[in-house]
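Enquirer: The residues making up each chain are set out below.
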Amino acid sequence: MARIVKPGSPDEGIFLTSLDKMFKWGRANSLWPLQFGLACCAIEMMATMGPHHDIARFGSEVFRATPRQADLMIVPGTVCKKMAPRVRKLYDQMPEPKYAIAMGACASCGGPYQNSYSVVQGVDKVIPVDVYVPGCPPRPEALMDGLIRLQDKIMQDPEPDIRFAKSPTPEVETGETEAKARRDWEIGQTEGGQSA
Amino acid sequence: MSLAEDVIETVPEETVIEVTKQNDKPLIVTSPEHILTILETAQQSGFDHLACLTAVDWPKDELEDNAAWLGFQTEPEDDEEDPIPQPSRGWELDDVNEGLMEVVYNLYSYDEGDHLCVQVWVPRELEECRVPSATSLWNGANWHEREVYDLYGVTFEGHPDMKRMFMPEDWEGHPHRKDYDLTEQQYIYREGGVDKVTKDAGKGW
Ligand code: SF4
Chain A
1 MARIVKPGSP DEGIFLTSLD KMFKWGRANS LWPLQFGLAC CAIEMMATMG PHHDIARFGS
61 EVFRATPRQA DLMIVPGTVC KKMAPRVRKL YDQMPEPKYA IAMGACASCG GPYQNSYSVV
121 QGVDKVIPVD VYVPGCPPRP EALMDGLIRL QDKIMQDPEP DIRFAKSPTP EVETGETEAK
181 ARRDWEIGQT EGGQSA
Chain B
1 MSLAEDVIET VPEETVIEVT KQNDKPLIVT SPEHILTILE TAQQSGFDHL ACLTAVDWPK
61 DELEDNAAWL GFQTEPEDDE EDPIPQPSRG WELDDVNEGL MEVVYNLYSY DEGDHLCVQV
121 WVPRELEECR VPSATSLWNG ANWHEREVYD LYGVTFEGHP DMKRMFMPED WEGHPHRKDY
181 DLTEQQYIYR EGGVDKVTKD AGKGW
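Protein chains in written order, with this note's numbering: chain A, 1 to 196; chain B, 1 to 205.
Keep in mind that the hints are not guaranteed to be accurate.
[To be verified] Only pairs whose alpha carbons sit at most 20 Å apart, straight line, appear in this in silico SDA-like list of lysine to any residue:
no. : chain 1 : residue 1 : chain 2 : residue 2
1   : A       : Lys-125   : B       : Tyr-187
2   : B       : Lys-203   : A       : Gly-122
3   : B       : Lys-163   : B       : Pro-175
4   : A       : Lys-125   : B       : Lys-196
5   : B       : Lys-178   : A       : Tyr-117
6   : B       : Lys-199   : A       : Gln-114
7   : B       : Lys-178   : A       : Ile-127
8   : B       : Lys-196   : A       : Pro-128
9   : A       : Lys-82    : B       : Glu-128
10  : A       : Lys-82    : B       : Glu-62
11  : B       : Lys-203   : B       : Asp-179
12  : B       : Lys-178   : B       : Asn-23
13  : B       : Lys-178   : A       : Pro-112
14  : B       : Lys-178   : A       : Gln-114
15  : B       : Lys-163   : B       : Gly-202
16  : A       : Lys-82    : B       : Gly-99
17  : B       : Lys-178   : B       : Gly-99
18  : B       : Lys-199   : A       : Asp-152
19  : A       : Lys-82    : B       : Lys-196
20  : A       : Lys-89    : B       : Val-194
21  : B       : Lys-203   : A       : Pro-112
22  : B       : Lys-203   : A       : Ile-127
23  : A       : Lys-89    : B       : Glu-184
24  : A       : Lys-125   : B       : Glu-62
25  : A       : Lys-125   : A       : Gly-110
None of these hints come from the bench; they were simulated from the model.
Work out the full structure: start from the sequences and follow the hints.
Expert: This is the structure:
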């Protein structure tokens with residue numbers, strides 16, 4: 001990853017890395033969770049926020065009350081069928097890149113509410129989940145372990161940051177006709193530029 | 001004399017089917033025709049709070065399993081062939097078709113701290129599962145009754161707004177009934193600001 005320059009060398013104090021890795025490092029250590037709770041697990045999530053367990057040590061204390069400012073959705077509790085469309089909506093409103101932690105047995109697989117008329121059997125049916133934290137409820141330590149695992153996952157993500165990804169060539173992404181239309185449009189642009 | 005005993009003394013005798021105790025609290029069993037009379041008397045005697053209104057679903061086979069405990073029949077004597085059906089809760093086990101629905105009213109008096117339980121047993125079939133509404137006595141009965149209607153399918157006659165409380169209007173079945181079909185899951189999605197029901201798990205998510 002980063003190359004740390006030996007102490008004593010003339011380059012001391014210089015830290016070399018790629019911009020991509022630096023962004024990932026920054027993103028992993030300032031995950032802003034969405035502030036919402038669905039059931040008993042939310043109480044444990046609040047305990048994790050509190051001074052005793054202090055999730056701030058992992059850069060994650062800024063629980064945002066709006067999905068527009070959050071990039072981590074901790075789903076703490078039972079996802080009712082009535083709640084599922086709302087959870088999906090909140091997730092859709094979060095800006096990319098975004099992550100989700102399924103906290104507790106309920107959010108992971110339905111938990112005690114197996115085969116229930118009203119409970120979705122795992123929030124992964126509704127949104128993509130990165131980390132599952134087992135337990136009923138998981139202790140704050142378990143949630144923090146889940147958070148650390150998510151941070152590892154972000155750091156080790158082989159995909160480059162969305163800002164540094166090469167934009168796909170039209171031939172790869174779109175069909176033949178669309179690519180041709182695009183080429184024609186580009187040619188038209190250049191010609192227009194010349195005539196002007 | 002406690003408030004509950006007062007009520008039991010005051011109500012006309014023909015309105016009461018049975019008076020017993022449940023968890024050391026007085027219990028009156030009555031019929032749908034007389035439930036309002038009893039509740040009104042109770043309210044006038046000082047039971048100012050309808051603490052809970054709920055229902056219990058008893059399909060026929062469960063009634064049979066619990067018959068002795070419920071008092072529906074006595075244990076057969078040694079010299080007798082068949083158990084003797086005993087009238088209980090206004091019903092004989094032989095008269096029950098599909099089962100019974102037990103509608104329970106838990107009353108409380110703030111002044112005296114006294115409890116009274118009132119029960120009505122009606123047939124379990126949806127068309128016959130009807131009880132008069134208590135909304136005229138306690139406004140709080142409104143949502144209780146809608147909940148019982150939603151989850152158990154008991155219709156409260158005379159209720160000002162008899163519709164589902166929690167589930168969307170087009171939900172099939174009443175989920176707390178013991179014969180509710182769980183094999184075919186129903187899901188909820190939003191359309192035009194209202195909850196709709198679908199059988200397709202992915203719809204709307
Ligand atoms: S997993 Fe357990 S503690 Fe968490 S929401 Fe479900 S029932 Fe509650």
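Enquirer: Need the list of violated hint numbers for this structure, in ascending order.
Expert: 7, 8, 9, 10, 11, 12, 15, 16, 18, 21, 23, 24
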